[in-house]
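Novice: Protein chains in written order, with the working numbering: chain Y, 1 to 238; chain B, 1 to 238.
Please keep in mind that the hints were generated in silico from the structure rather than gathered at the bench. Please note that a few of the clues may not be correct.
Which copy? The list can't say, so a pair holds if one copy fits it or any two copies do.
Stated by the list, open to error - Lysine to any residue pairs mimicking SDA-like chemistry, simulated, CA-CA at most 20 Å apart:
| no. | residue 1 | residue 2 |
| --- | --- | --- |
| 1 | K54 | I172 |
| 2 | K72 | K219 |
| 3 | K105 | D19 |
| 4 | K126 | A102 |
2 protein chains.
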Amino acid sequence: MYMLKYQQIAIEIEKYIEDHALKQGDKLPVLETLMTHFEVSKSTITKSLDLLEKKGVVFQVRGSGIFVRRHKRKGYISLLSNQGFKKDLEDFNITSKVIELAVRKPTIEAAENLNIGKDNDVYYVKRIRYINGQTLCFEESYYNKSIIPYLNNEIVSESIFRYIKEGLGLKIGFSDLFLHVAKLNEEEANYLGLKVGDPKFYVESIFYLNNGQSFDFSKVTYNYEQSQFFVQANSHLL
Amino acid sequence: MYMLKYQQIAIEIEKYIEDHALKQGDKLPVLETLMTHFEVSKSTITKSLDLLEKKGVVFQVRGSGIFVRRHKRKGYISLLSNQGFKKDLEDFNITSKVIELAVRKPTIEAAENLNIGKDNDVYYVKRIRYINGQTLCFEESYYNKSIIPYLNNEIVSESIFRYIKEGLGLKIGFSDLFLHVAKLNEEEANYLGLKVGDPKFYVESIFYLNNGQSFDFSKVTYNYEQSQFFVQANSHLL
Numbered sequence: 001m002y003m004l005k006y007q008q009i010a011i012e013i014e015k016y017i018e019d020h021a022l023k024q025g026d027k028l029p030v031l032e033t034l035m036t037h038f039e040v041s042k043s044t045i046t047k048s049l050d051l052l053e054k055k056g057v058v059f060q061v062r063g064s065g066i067f068v069r070r071h072k073r074k075g076y077i078s079l080l081s082n083q084g085f086k087k088d089l090e091d092f093n094i095t096s097k098v099i100e101l102a103v104r105k106p107t108i109e110a111a112e113n114l115n116i117g118k119d120n121d122v123y124y125v126k127r128i129r130y131i132n133g134q135t136l137c138f139e140e141s142y143y144n145k146s147i148i149p150y151l152n153n154e155i156v157s158e159s160i161f162r163y164i165k166e167g168l169g170l171k172i173g174f175s176d177l178f179l180h181v182a183k184l185n186e187e188e189a190n191y192l193g194l195k196v197g198d199p200k201f202y203v204e205s206i207f208y209l210n211n212g213q214s215f216d217f218s219k220v221t222y223n224y225e226q227s228q229f230f231v232q233a234n235s236h237l238l
Numbered sequence: 001m002y003m004l005k006y007q008q009i010a011i012e013i014e015k016y017i018e019d020h021a022l023k024q025g026d027k028l029p030v031l032e033t034l035m036t037h038f039e040v041s042k043s044t045i046t047k048s049l050d051l052l053e054k055k056g057v058v059f060q061v062r063g064s065g066i067f068v069r070r071h072k073r074k075g076y077i078s079l080l081s082n083q084g085f086k087k088d089l090e091d092f093n094i095t096s097k098v099i100e101l102a103v104r105k106p107t108i109e110a111a112e113n114l115n116i117g118k119d120n121d122v123y124y125v126k127r128i129r130y131i132n133g134q135t136l137c138f139e140e141s142y143y144n145k146s147i148i149p150y151l152n153n154e155i156v157s158e159s160i161f162r163y164i165k166e167g168l169g170l171k172i173g174f175s176d177l178f179l180h181v182a183k184l185n186e187e188e189a190n191y192l193g194l195k196v197g198d199p200k201f202y203v204e205s206i207f208y209l210n211n212g213q214s215f216d217f218s219k220v221t222y223n224y225e226q227s228q229f230f231v232q233a234n235s236h237l238l
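Work out the full structure, taking the sequences as your base and the hints as a guide.
Specialist: Structure representation (structure tokens):
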């Protein structure tokens, strides 16, 4: 996938942090050293560091330096990264089972969240995802077919988002997540291998392209025994 | 509280969106119009809009303009805004009951998350928060006393974070949240007025100053019947 210079350097700095096993609060080399090391200009390295700060990888203290931000807990899934589980749970084995893939008219709820009419077509995808052989979640997604014109079993067994970005060349802009905790009903309990009335962690997500069009409305029910999440927040939200 | 010009303008633009009842996808006036309207330079208005983009209030489409980002759902609490509930749930009546406020040695867990020794003092705060007379959550917090040297009942009945920012003049940098879903134990069920074994939405948060020092470790158990959350994500996370 095409990346700008500062995005490439940001990835290399992340790799540097990983390779040197840097921990939360560890100081990065000064700007000049980073510029020399990566052979880039000051403005590029500054943009790379700003991106990493937004991503929660570093924090900058004025007049003092750039420090690593990295929590210690293992086994937590990033709530905001739809890159999926593969990136965050590298040590785990994640698989998907497609239960249904069909072109349909949207439910009222899906039409509303995708901002389309009830006569527009959507791809409906129903999957179960497994982590180390245990059920991780049960997923129902609606893709606006006028934006995602084609999906097949192979794509939806793997990463739909990778296909959207790399296969269709679309740029993802932002997403809204709505989190609920409730009790599992019979269908959900069956899919997850849990009991009716057990805790249900339920996330609705709407994903938008960078032009503001919503293309995906997803409803995901997690197995509360197999999933815990982390989120990083920056000062502008606090 | 002291704010920079672009931060003030960002607040005014938010107010403009509110006052004009702009909706998701509505276009803001062009840069030149905003510059004239708010009587600021292009670089100030650009910084204001960048801040609002980070906050999830607008999105910018290159070559096309600035658009409003605003989800339609009512009654959702912002997971990442610790401004508390007051801002997001303005229509609701939120109150707190302080159960305990004491200077203590930290638990092992608190010492680890605050990155302090077991002999350092912490303020321990235990509160129940109510929404329209119903229990919203049960909260236990540990504040590093060497950073927050003083708390009293009045402060902890109101907003501790406002006191930290305005009273102590400290700058909050970032936070890490860890989300879990489980079943309520007896103490939690009692505090929340729910049944043992009912779903438990449990959030651990670590808050850091802008110099990277952690000053607050909080454990919050929400009443799943009274709380639902939203989170906004931007492209750099997706």
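Novice: For each hint, tell me whether it holds in the structure or not.
Specialist: Hints, one by one, checked against the model:
{"no.": "1", "hint": "K54 <-> I172", "in the structure": "both (16 Å within a copy, 15 Å between copies)"}
{"no.": "2", "hint": "K72 <-> K219", "in the structure": "between (29 Å within a copy, 17 Å between copies)"}
{"no.": "3", "hint": "K105 <-> D19", "in the structure": "neither (49 Å within a copy, 36 Å between copies)"}
{"no.": "4", "hint": "K126 <-> A102", "in the structure": "within (9 Å within a copy, 51 Å between copies)"}
Violated hints amount to a single one, hint 3; each of the other numbered hints is respected by the structure.
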